[in-house]
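Model the full assembly from the supplied sequences, consistent with the hints where possible.
Chains E and F, in that order, are what the protein sequence lines are. My numbering numbers the first residue of the first sequence as 1 and each following residue consecutively. My numbering numbers the first residue of the second sequence as 1 and each following residue consecutively.
Read the hints as simulated data drawn from the structure, not as lab findings. Incorrect hints may appear among the rest.
[To be verified] For the chain E half of the interface with chain F, some residues (derived, Cβ under 10 Å), not all of them:
# : residue
1 : His341
2 : Gln348
3 : Asp354
4 : Val388
5 : Phe404
6 : Gly426
7 : Thr607
8 : Glu610
Idealized CB from N, CA, C, for every residue including glycine.
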Amino acid sequence: MARQLFTPPITNPRFDPNQSIRESYKNTTSSMQFQPILHEDQSGDEKSSCDIDEKSACSETPDGTKSPTLTKQEIDDALNGVSNLPPELSRLIDIFIDDLKQPKYVRPLSVLQLSSLFQSFYIKFDKASFQHVSSMTNNGNYSTNGSPSSFLAAKETLSSGLSGIFARSRSSSGNSIMRPRRSSSLFSNESTSNSNNVTQMLSPEEIKRQLRINELNNMRIEKYMEFCERDVFKKILIVGTSVSSPNKLKNFKTHQLQTFKVGNLFRNSTEFTEYNKLLNDKILCLSKLSIMNKINLIKFLSLNKGIDPEPKFEEIKEILFEFTYHSISPCEKIKALLKLHEIMTYSQEMSNDDYLSLLIYYIITIVPRDIFLNAEFIRLFRYKKKLVETESFALTNLEAALVFVEGLTKNDFSNEMQDKLTESEGKILECSISSKVALPSNNGVMHKTNGNGSGNMGEIVTPTIQRPDVTRSNSYDGFRTVFDSSLKNIIGKIRSYTPPHPNAVGGNTVHNSNSNSNNNNNNNNNLNIPRSSSQLSIELINRDTLEISRDVSTSSSSQSSASLERGNREFTGDLTVGANASVNSIEKKELQKSWKKYKGYKFEDLTICELKDLFEIYQKMVQ
Amino acid sequence: MNTSVTSIKLVLLGEAAVGKSSIVLRFVSNDFAENKEPTIGAAFLTQRVTINEHTVKFEIWDTAGQERFASLAPMYYRNAQAALVVYDVTKPQSFIKARHWVKELHEQASKDIIIALVGNKIDMLQEDGERKVAREEGEKLAEENGLLFFETSAKTGENVNNVFLGIGEKIPLKNAEEQNNANNERESNNQRVDLNAINNGASANSGCSC
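Have a look at this one:
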């Protein structure tokens with residue numbers, strides 16, 4: 001086909017059927033052409049790239065024709081009503097969290113494995129959202145402009161044409177759940193009247209209307225995905241990632257419920273927490289050196305080329321704190337990060353030398369705690385399909401800034417400055433963090449890897465993440481060997497967010513025994529002390545004691561459970577178990593001795609007394 | 001009729017002040033200053049180009065050119081389908097650096113990455129500037145390494161668009177059928193060429209190549 005179409009694709013909100021027809025019948029003039037992309041100006045601070053689709057929807061075609069796209073007003077009307085997830089989608093989140101807390105893993109999940117579970121869930125949720133929105137649309141609930149609900153079914157008889165494209169236009173996957181493709185003339189109200197193969201053409205207005213509906217649906221799904229991320233992590237925040245006493249929740253203060261500690265998710269991945277701690281220390285150290293004028297950051301980062309970072313300092317500080325402390329979901333955090341880049345934009349001509357230098361400057365001067373874990377949190381827990389374009393770039397910039405900081409050593413500074421360093425500062429700035437801690441790489445990327453393959457951390461999980469989404473039904477068998485039985489030290493021991501039952505732990509242990517794990521805890525179900533609650537509740541009380549629990553939880557699972565087992569016994573002072581055991585074993589030994597007493601005897605030689613003795617032994621054996 | 005849009009991640013490499021950002025700004029804002037797709041200054045920009053029946057959407061990632069940031073570049077060119085290695089025709093040092101980037105990209109970037117070698121600032125040759133890197137040198141390097149080669153002026157816009165069109169033409173676009181299938185796996189009309197499909201097994205399985 002030689003003809004060119006210079007209109008945007010039909011799935012594009014700027015598609016203009018009139019222009020398309022016009023241009024299709026024009027002679028080809030060139031085979032290449034730049035395609036102008038015109039957008040209406042964005043209003044306010046709605047500049048985050050989470051809303052890319054929304055933005056592109058606010059556009060008009062170059063020739064000024066009203067495009068079949070949505071006005072700001074229409075978008076607002078449609079989306080303002082959506083402030084929460086519909087119950088059926090919300091239920092999916094409940095099920096997911098419930099599923100996570102099932103004690104089906106013997107070994108605590110690493111953050112990479114956890115991330116993989118989340119990503120699988122997002123994909124499923126995306127599909128479910130699509131189905132939900134489609135079904136709502138087909139029921140006429142969302143039809144715009146008062147169009148009758150039969151419109152879709154009636155007009156979508158072009159099953160291999162437009163409707164096929166429409167159906168594809170929002171298709172994140174669809175390998176397990178069948179999507180209700182709106183292409184089936186079989187179910188159309190008018191299918192019977194079309195039996196003579198007369199295909200009803202869509203009028204331009206109808207196409208526009210259809211595209212509108214389609215676009216609105218996409219926006220709704222976008223919105224639902226955002227809510228999904230938000231709600232999942234809010235729920236995790238409420239139920240916690242640990243097992244403290246069930247009543248603890250009541251004592252939480254409001255501010256505690258609003259602060260999500262990203263570090264909790266990384267608890268079982270010591271490399272990350274260790275790296276984070278060292279990076280925190282290094283940033284703090286550099287900050288102090290800067291405050292004491294031992295280093296001149298502006299000069300060091302070559303920032304004095306017309307960019308003065310000071311005027312925006314407070315604004316940046318606020319958004320960095322929003323990023324690290326006050327936001328919960330990955331989506332909120334990435335929005336904060338984009339906002340940060342927006343604030344840093346002094347001019348539209350700024351190159352990445354400027355952004356990166358500024359970012360490093362602000363990180364060192366503001367010292368946002370746990371910024372590394374927050375960055376990794378986004379990388380691992382933001383829906384991967386959405387972590388593209390500006391989002392991906394902004395996150396890469398942050399990671400690059402952090403890698404730069406972790407790699408700073410005293411040798412990067414002047415000799416004069418090196419002489420001024422105290423012993424502890426010198427130690428912190430002695431070498432790069434990546435030479436001390438090797439991070440498990442996800443697809444072998446984002447960080448400078450430790451040249452020494454084995455690394456200091458010993459066996460680090462292989463980068464390949466198993467995706468357990470395929471058969472993640474209620475049957476545990478498929479995964480038992482992979483993730484084993486207990487999420488106990490992390491999500492698996494999330495307290496129930498339904499009012500916790502005092503015997504919840506007992507319930508968990510029943511699950512454990514069902515899953516036939518090697519968990520020694522099963523032997524002592526009657527010991528009513530949750531194995532990890534003592535350990536993890538500490539963390540809820542004081543964040544700074546993270547290391548304590550981490551140290552415990554990171555020793556190998558069997559070891560830790562065994563040692564905790566011992567600990568529990570000692571703690572309860574329950575010696576009867578041991579005492580009973582020893583009495584029993586003595587008796588057993590005596591019994592064995594006695595029945596062997598008559599080993600070489602013949603029946604004829606036994607006296608009545610001996611026969612009586614034998615009978616007594618028999619009685620004991622029976623008992 | 002193929003109406004799909006293929007996204008291409010393109011990374012800019014080159015010494016500081018060779019005009020990387022200027023080239024991209026010229027390309028993006030040449031005739032269409034109205035472009036309001038989300039951007040981050042001149043550090044992250046997008047531009048769509050229609051090539052034959054395909055629309056290619058360039059996602060252009062700038063990298064910091066300062067030497068101190070050189071070790072961070074792999075984080076940026078990871079999963080890039082195309083790279084622009086820029087040097088200044090009046091600065092021989094920048095050409096040496098360009099050689100290093102080409103070598104590094106061959107060693108560490110995606111196997112099938114398309115690299116364009118770009119000698120910038122040719123406008124300076126008409127303004128009493130002295131050429132320090134011969135065109136032949138650039139061509140030779142490009143030929144030896146299988147690169148596209150262009151000499152440009154971001155200032156006048158000379159040859160700038162051709163750089164991107166050249167890259168767009170070399171990008172292995174999937175045929176229509178594949179795209180239809182791929183569309184089932186991805187959202188909307190926004191596809192990505194994934195040169196790392198094999199390495200990226202996890203994402204591929206999930207039907208998401210981003």
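To see whether the hints hold, each was checked on the structure:
no.	hint	in the structure
1	His341	holds (5 Å)
2	Gln348	holds (6 Å)
3	Asp354	holds (7 Å)
4	Val388	holds (5 Å)
5	Phe404	holds (6 Å)
6	Gly426	violated (21 Å)
7	Thr607	violated (79 Å)
8	Glu610	violated (75 Å)
Checked against the numbered hints given earlier, the structure breaks hints 6, 7, 8 and satisfies all the rest.
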